[in-house]
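K.L.:
Work out the full structure, taking the sequences as your base and the hints as a guide.
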Amino acid sequence: EAGVAQSPRYKIIEKRQSVAFWCNPISGHATLYWYQQILGQGPKLLIQFQNNGVVDDSQLPKDRFSAERLKGVDSTLKIQPAKLEDSAVYLCASSRTSGRAVVGELFFGEGSRLTVL
Amino acid sequence: DQQVKQNSPSLSVQEGRISILNCDYTNSMFDYFLWYKKYPAEGPTFLISISSIKDKNEDGRFTVFLNKSAKHLSLHIVPSQPGDSAVYFCAASAKYGNKLVFGAGTILRVKS
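Those protein sequence lines, which keep their order, are chains A and B.
Residue 1 is where the first sequence starts when you use our numbering, and the numbers rise one by one after that.
Residue 1 is where the second sequence starts when you use our numbering, and the numbers rise one by one after that.
In silico DMTMM-like pairs for lysine to aspartate or glutamate, Cα to Cα no more than 25 Å straight-line:
{"id": "1", "chain 1": "A", "residue 1": "K44", "chain 2": "B", "residue 2": "E42"}
{"id": "2", "chain 1": "A", "residue 1": "K71", "chain 2": "A", "residue 2": "E105"}
{"id": "3", "chain 1": "B", "residue 1": "K99", "chain 2": "A", "residue 2": "D57"}
{"id": "4", "chain 1": "B", "residue 1": "K37", "chain 2": "B", "residue 2": "D55"}
{"id": "5", "chain 1": "B", "residue 1": "K37", "chain 2": "A", "residue 2": "D86"}
{"id": "6", "chain 1": "A", "residue 1": "K78", "chain 2": "B", "residue 2": "E42"}
{"id": "7", "chain 1": "B", "residue 1": "K99", "chain 2": "B", "residue 2": "E42"}
{"id": "8", "chain 1": "B", "residue 1": "K99", "chain 2": "A", "residue 2": "D56"}
{"id": "9", "chain 1": "B", "residue 1": "K5", "chain 2": "A", "residue 2": "E110"}
{"id": "10", "chain 1": "B", "residue 1": "K99", "chain 2": "A", "residue 2": "D74"}
{"id": "11", "chain 1": "A", "residue 1": "K62", "chain 2": "A", "residue 2": "E14"}
{"id": "12", "chain 1": "B", "residue 1": "K5", "chain 2": "A", "residue 2": "D86"}
{"id": "13", "chain 1": "B", "residue 1": "K99", "chain 2": "A", "residue 2": "E85"}
{"id": "14", "chain 1": "B", "residue 1": "K56", "chain 2": "A", "residue 2": "E105"}
Covered by chain B, per the in silico footprint, the following chain A stretches (three or more residues, Cβ under 8 Å):
{"id": "15", "stretch": "43-57"}
{"id": "16", "stretch": "105-113"}
Calculated directly from the structure, the hints in this document are not laboratory data.
Beta carbons: idealized from backbone N, C-alpha and C, even for Gly.
P.N.:
Okay, structure coming up:
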C-alpha cells in the first residue's frame, strides 16, 4: 500500500510569514495526526482527526496554527504568522481504526522540515 | 512535563552484541507502550509494542520488557546489526488510539 504523502519536504520562510503543509494519509485510514518534532525532542501531537472531526487539539497553538481535513481524507496544517520557535519537522501520520489495526500503531510520512529565519 | 523519558541520548554497540534501550514513564494511566525506529530523512516506523497486561513481548531479534511497578520499559536487540543504527523512540498511550506521548529518542550506533 502507498504510504503517507507529505509536501513540501522543506520550507524556509521569514518570521511573520505564513506556511502551509499538506498530507495525504494511507487509503482507508480514518484517523490522521499532525505531530511537531523540534530538534532533539520527540514528536509532540498537535492535532488528531477522526474522519473530518477533531478528536484532540489541546496542544495546537490556536492563535497561529490551524488545520483542516476536508472530506475526511487529506489535510492541511497552516501556520500564520510563523515564529522562530516554529522551526521543526512537521510529521503527518495515519492509523487504521479496526480490522488489522495494532493498537496505537501510527504510519508516519517523511515529514516537512520548516526553518523560520 | 516529560511524561516519557529516554535518559540516554545515544548508545554505541558492537555488531553481534546486545543493545538495550531504556525508557521511563511517570503517568500511571499509560497502558500501552510502543517503540518506533527512525532513519535520517524518514518518518518513524513502528517496531514493537506491549500492553500493560504483559511484561514481555518478543518479535524476532526485538524484545520489549515492561516493569509496571518501576514504570520502566526496555527494548533489547539481539544480535545487533549495523542496519539497526537509527533513532529509537519510546511512546506511550493511555487508551486505544489516543494521543501517543513520545520520549526524546536514543541514537543507536551499531559498529561493524
